[in-house]
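Peer 1: The residues making up each chain are set out below.
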Amino acid sequence: MIAGPLFLILLPLILALLVFVLRRWTLPAAFLASATALVMASLCLGLPLDRPVSVLGWQVALGEPMRVLGREFALGLAGRLALGFIWLIAALAFLFAWRLTQGDLFLPLGLVVLSLLGAAVMIRHFLFAVLFLWIASIIVVFIIQGEQQGLRRGALQYLVMVSLAIPPLLITPWLIELHAVNPDNLAFLRYAAVLLAIGFAILLAVAPFHGWVSAVATDAPPVVAAFVLTTTNAVVLLLMLDLLQSYPWLPEDPQVFRLLRLGGLLMAVVGGLLAFAQRDFGRLLGYAVLSDMGCTLVALGVASPAGLTAALLQVAHRSVGLMLAAMGLAVVRHHAGSDTFDSLHGVARRLPLSTAGLALGGLSLAGMPLTAGFPVRWAIYRLSSAPGLGLALLLSGAGVALGYLRGLSAILDPSTEPQVKQEPLIASLIILGMIALCLGLGILPPSLLPSVQRVVESFSFLK
Amino acid sequence: MPYVKKAMPTLPHVLAKLSFLTTTPAIIGLLVTASLIVVIRDWRLSLAALLGQYVLVGLLLTRLIQPQVALTKVLIGDLVCVVLYLTARLVSQDEKGSALGQEDADDSRSLLHAIRKETSAADFAFRLLAALFVGWAVYSLSRRYPLPEVPSDIGFACYWLASLGLLALMLTEEPLKAGMGLLTLITGFELFYSALEHSLSMAGFLGIANFLIALAIAYLAASGTELTTEEGQK
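Line order of the protein sequences matches chains E and V. Note that the first sequence covers residues 5 to 467 in our numbering. Note that the second sequence covers residues 3 to 236 in our numbering.
Please note that a few of the clues may not be correct.
What the hints assert, rightly or not - One-sided excerpt, in silico: chain E residues whose CB lies under 7 Å from chain V:
id: 1; residue: W138
id: 2; residue: F146
id: 3; residue: V164
id: 4; residue: P171
id: 5; residue: S413
Unchecked claim - To be clear about the criterion: a stretch of chain V counts as covered by chain E if any three or more of its residues have a C-beta under 8 Å from a C-beta of chain E, and this derived list gives those stretches:
id: 6; region: 183 to 194
id: 7; region: 209 to 219
The hints are simulated quantities; they were obtained by calculation from the structure and are not laboratory data. Please read these numbers as outputs of a predicted model, since none were measured by experiment. Every residue gets a Cβ at the ideal spot worked out from N, C-alpha and C, and that includes glycine.
Pulled out of the complex, with its shape left as it was, chain V reads as follows (with noise of 0.2 Å):
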């Protein structure tokens, strides 16, 4: 049988294959994405989770804007996400550096890691039942004051991105998970803007803006870890 070359297939192609996922699939993982990123403390998953929003988001988008454009923030939304993950790692590898060189020293090990185990257990409850209350007042407020120039469930992704990521700041003070919750804010109001403002100068400065977040959220994180310390010491 002769070989037939096929030939690739193009964004359209991809997109229209991918236009099932455009709607409610999409909301829903959002409304995962945004829950991990606030409730779960393990970094992986909530970097995972960044990674899975921001293509969300780029398959939303395709609705407002033009696919290529939409391309372009999924393409940025990577971006971020690979400079967060060198500084999760190298964040973690100096936290595993210092807690084993204190192992020995901690008589009373087991029953630090058993309050350390009951505490985490108790702010993963506090976490989700915050997400839940948050979760059911943007319920209320999407339905109450609707986003203009955006589908409904679009407008309802917008303010749960934007008010998870708002809850995500609050909860903490590492610059991380901190970080994560500015950019879910971030890509929430992003996109009902994308509905308002076309121009792609408008949509340059944006994705420079979320570059320059992710690397000063880097920045701050890795600031604290011997590697810096050493560094700045030579």
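Next up, chain E with everything else stripped away, as it sits in the complex (with noise of 0.2 Å):
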């Protein structure tokens, strides 16, 4: 009988190998890999945990531990979810980098990142799950180069800006251990703490820690980018609520929630406000992405179970809006050579899923309606308690929205006449997927609601 763990850790790195050699033809490797995150995803969301199953002949018990050098790998309902909605993430843009490559290193990395980030999800224990997250992030800063020309600042930020994150992270368990020895002594709490707090707040780039994400926004392949802020960003999130979950100090803790609302807070009117004063489609979908996570943290920060529900939904649904705002930016950056507003006059004419993709991924993730992003952001606004934080949170969105409005605007410009190629036949059915599903998202009701609930009321650090 395999474990579940040493299924979903090693079989992305083996074919990760294969993906490699196969690097230079682009079909057979986009295929497969988009065939090895498929089969994760349907693994993670469709096998029992309490059974084994039989798969291909062998039996897999998917919540069956693992230990290996003496530490244990198990999947949790939460993980379970998480991986399988990053594997799915990860499918779809496996399969759009066959038509628009993202970078050669992008497909046989992008496995070993996942894999490893699986591993971040499924160890029980906080210093090595740190870890492995950090060996994933050093890994990503390949992909986010990629080949391209010329030193990019992304990479570089991305890569100091983890490594930052990291040293107070794994001082904190030392720390726990410490009060665990002299239960009287609260400054080592407080210390603990604090360094979580710069620890987390880094890697969800909190201002003023937020300037790698628009870097890679910029930097990056917009694929790549999206996969990045999408992956870590989930793996992040659950990290820090297993933490909650841990040490029940924590959220004892009302400080805790009141710092998580500021962060997210001052998160989303920074991102709210640079997108809108951006010029360029790769920043602007930085910051957006900004300012969607800044909603995030404030519903964390609500410190209910419906909150955290709307936290969940919203990386779910964010992740959609992002890669298909990054799809679309993927295909006008290619044909068009820029992504500046100046550059761009008129090219919707000759791109118009792209451009279609490229609007409606923006709107969702400044949350408008008839997006995917708007029925969570709009649970957001009527759980902030505060009346201003729920005007701030909206005029951030509004922010968003103008600035891409401002660059559609320049794209719709009937004035010019753009030396662009059509789009890709196969990347523009990708996008129309995605638009149908960002559509879907934003009018039907939230399909993906039961399982949330099913993982937040496994959370009990909000009773």
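Both chains come to you apart, so use the hints to assemble them.
Peer 2: Below, the structure is given as structure tokens:
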């Protein structure tokens, strides 16, 4: 019988080798990577956690813990949903990379990164989860830079910021152990809370540590940027929730949730303001994500099961909007050679679906009605007890939407005849599918809600 | 006289002989190496300083952890330096090549050279001043908030390496120099963390992370060179 964690970590690593060998042949490499991601997603989401099931002749027990060098790996309910979702998004990104390359290393290293992130989610030891996350993030640097010529600041900034976040997180468990030995000394817990706040603030890009998000969105190939921002953010949030669950003194301190709300508000305000001021779609995407991630933190800061449900749903809905905007941007940037508003006049006539994807994805990140971003954003506005908080989040979304509308007015300009090729068929079809998904999530009742509610019930710290 | 075969000295013997280096001399050495990484722009000197830094930290680590683990950390540091050396050579050859190509076309070369010299002198002075200022801050910090679980001199070295590493990161956008700053910062953290966490698996993970960071820096530094560009075109 194979333990689920072994399967989820080793299989993508082995297939990554094969994809690396095939990387020059985009079609087989992309299909293999995408199929692997799809299989992993269906394993995570489809297999039961409580009993073994036969998969291709092997008995796989998804919920069975596994020990390696004395460390336990086990897949819980939240980890299963997070990993399944991440693998699904990755499958789409890998498939898109078939028609519009995002760098030769994206496919094989993408699989390696996902395997390591899976290990970070499944290992039952915070220190080692942080280390797996760090190693995955270092590998991400290679795919952010890709084969681009000339130095890109995004990759270096990402490497530096993630590496700065790790030391405070590694020291925290030691402080918590010290407190366990000296329960009367609360200073240890105070230091631990401060270090955790610093580490997570950097990883979640809370202002003033937000610079790396826009740098990555500008410098990385767009789909790679969306992949990185979706996958690592989901894992960091999950680690944070696990920590809140493991150490009851953390959620008992009201300052923790106040800090989350404040950090989220800062992110949303900075993201919204700066998004409005941008003149290129790459940076705009970065600030739009920042604004949306701020809303997630505010929802977590509400400190209620409804807030946590909204936060988790928003992570899922954001990734759809973000991936759609990134795919549209990838086609536009590839065909027009730039993503500044000034250089894209009239491009919409030659690239209608990509423009639609770019705009709809962006508006979804802004939380506009009829898009995937709207239902959850609306719930978060209503959950924000302080009236100013909801209004600030609403204005932040408006800043992002105005930024996209300014870009859209340039791209729709009828006075210029652009010298741009028609958009590629397969990429357009994928974008069309994503548009349908984005609109569906915005109009239909949230289909992910029951699964997310089950995950929220598994976290007892909000009772 | 009959030939007497001498036994090869073991690691404890070597360390016993070098024990005088594991206190003040190592700390002074670290003061110099980290300063060189911040102040000097020449990659050869900076890299030699980084290599020396790994050896000195290894010597200090013998006071905190098993000598074998400390030696492994030094070896990983050496590997990191090898990776960075090969990359720096590639990058500098590429820069030399492009400079030679431009030489003929440049009429006002001597003027440019003078300006560049002036700028680099100002840059040197600025970096030196910044390092001195940070040094003063580190001295006060380590006296006011001594690090737990480590002797005071090692605590000072941790603060020093982390602060100078951070300063190096703030002063440059070049991947190689920034990378050396990042590795210095992480070395300072590891020196402290080794006293808190003794597990071998943790040491292994930190070693892997260090090596991967060196590879990532090398990849970023090489991205701008003509060699990679030509390869990409092929």
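Peer 1: Now tell me, hint by hint, if it's right for this structure.
Peer 2: The hints, checked one at a time:
Restraint check, W138 (chain E) versus chain V: the minimum CB separation of about 6 Å is within 7 Å; hint holds. A least Cβ separation of about 6 Å between F146 (chain E) and chain V falls short of the 7 Å threshold, and the interface hint therefore holds. About 6 Å separates the beta-carbon of V164 (chain E) from the nearest beta-carbon of chain V, less than 7 Å, and the hint is met. Against a cut-off of 7 Å between C-beta atoms, the interface hint on P171 (chain E) holds, since the closest Cβ of chain V lies about 4 Å away.
Interface hint status for S413 (chain E): violated, as the beta-carbon distance to the closest one in chain V is roughly 34 Å, over 7 Å. Against chain E, the region 183 to 194 of chain V contributes 4 residues with a C-beta closer than 8 Å to a partner C-beta. That satisfies the three-residue criterion, and the hint holds. Using a Cβ-Cβ cut-off of 8 Å, 6 residues of the region 209 to 219 of chain V lie near chain E, which meets the minimum of three, so the contact claim holds.
Comparing the model with each earlier hint shows a violation of hint 5 alone; every other hint is respected.
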